[in-house]
Each structure stands twice: as C-alpha cells, then as structure tokens.
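Peer 1: Taken in sequence, the protein lines are chains A and B.
Going by the numbering used here, the letters in the first sequence line up with residues 1 to 115, in that order.
Going by the numbering used here, the letters in the second sequence line up with residues 116 to 206, in that order.
Hints are not guaranteed to be accurate.
SDA-like, lysine to any residue: derived pairs with alpha carbons at most 20 Å apart [to be verified]:
hint : chain 1 : residue 1 : chain 2 : residue 2
1    : A       : Lys96     : B       : Ala129
2    : B       : Lys198    : A       : Gly92
3    : A       : Lys96     : A       : Ser81
4    : B       : Lys198    : A       : Lys65
Hints in this document: simulated from the structure, not taken from any laboratory.
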Amino acid sequence: MEQILQLIALIAVIIGTAFSVLGVLGYIRFPDVYTRLHATGKVGVFGVVLLLIAAVNLGLLGFGKALVLIVMLMVTGPVTSHTISAAAYRIGIPMKRAVRDDLANISTSQYKNRP
Amino acid sequence: MQNLLIFILEASLAIHILMIAVCAWRVWRGENAIDRLIGADLLSTLTLAILVIVALILVNSIYLDVALGLAALSFIGTISLAKYIVDQSVF
C-alpha cells in the first residue's frame, strides 16, 4: 500500500512538472498577449494542483487543508487570467493573426480608450 | 522507490528554479506592461510550486501554510495591478 501511494505521488510530480514546463515554454514562444495567457493558465491550475495531490498521497498534509488550497487555486487562476485579458483589451493591445473580433462593434463606455 | 522519489523531487526543484530565472528575464525585457504583468503572475505561481516541492523534500508541513498565504496575496496583487494599468489609479 505504501509503495502504491508513493508510485501515484511520483507520477503526479512528473506530470505536474511537465505541465509547468509546457506553460513556461508557451509563455516564451507564443506571439501574442492573449495566447500567452492561455499557456500560463495551465501552470496554476494543473502544475501546482498535481504537486498538491502528490503531497496528499505522501501523507504530508491532511485532505482538508489540501482541498482548501486546490479550490482556491482553481477559483483564483481563471479569475486572474480573465482580469489580465480584459485589461489588455481595454488598453488596446492588438491581436496577432486573429480571425475575428466580436467586441469590435460594441460602443459602450468601457471600450472608449480602444483605438 | 524512496531514492527514486527523492531524485525526481530534486530534479523537479532544479527545473522550477530554472523556469523562475527565465521568467525573471522575461519580466525584465518584456514587450509591454501586460506582458510583464503576466510574467509577475507566473513568478508568484512558480514560487508557490517551489514551496510545495520544498515541503515534499524536507517532509515539513509548515511550508504549505506559507503557500496558502502566498496564493491569497498574489491574487489580490495581480488584480489590483491590472486595475491600475487600465484606470491609472487603484481606487
């Protein structure tokens, strides 16, 4: 039983590190602010959560505290990504190779700064 | 199994420290303000991952409490910095 829990923890650490490496690689290589946000959202939601699952399997912390951290990360990560992308759109950072822009014809006062 | 787990954890710690160095370089040489803000958010997330790995290596649960505090504070900091970039004022 101990061996099986350690094996699950080892696989979780390897997959979490792989997600973090792919997220940072996307942050360096992608051409645009919005696509970079798509890559960096994976680091918070998958990388750290899989490391926490490994910590639970090794018996380091109770399931309650780990659940608090996991729920907190899975709520605050998408909220942060949405806030940053809304700020980028409102100060008028252009998209590279975009197919269409659904907010281009809306003339509310929120988007008055956009060129 | 124990030795293999320790080796994988230390290799993961080295990879995360390398990724923090790359992100710090990218924050220093960013294209625009939003790009640097994404880099700062990613730095805080990677610091969180490093705290969890250090807690796993040292078998000490106190680092996870530090990680909980860091998660809350980095969320508030990123939100307020994004609002400051758009409106040029926090409140």
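Peer 1: Each hint: holds or not?
Peer 2: So, going through the hints one by one against the coordinates:
1. A:Lys96 with B:Ala129: 34 Å, violated
2. B:Lys198 with A:Gly92: 14 Å, holds
3. A:Lys96 with A:Ser81: Given pair lysine 96 of chain A, serine 81 of chain A holds - Cα atoms ~19 Å apart, limit 20 Å.
4. B:Lys198 with A:Lys65: 31 Å, violated
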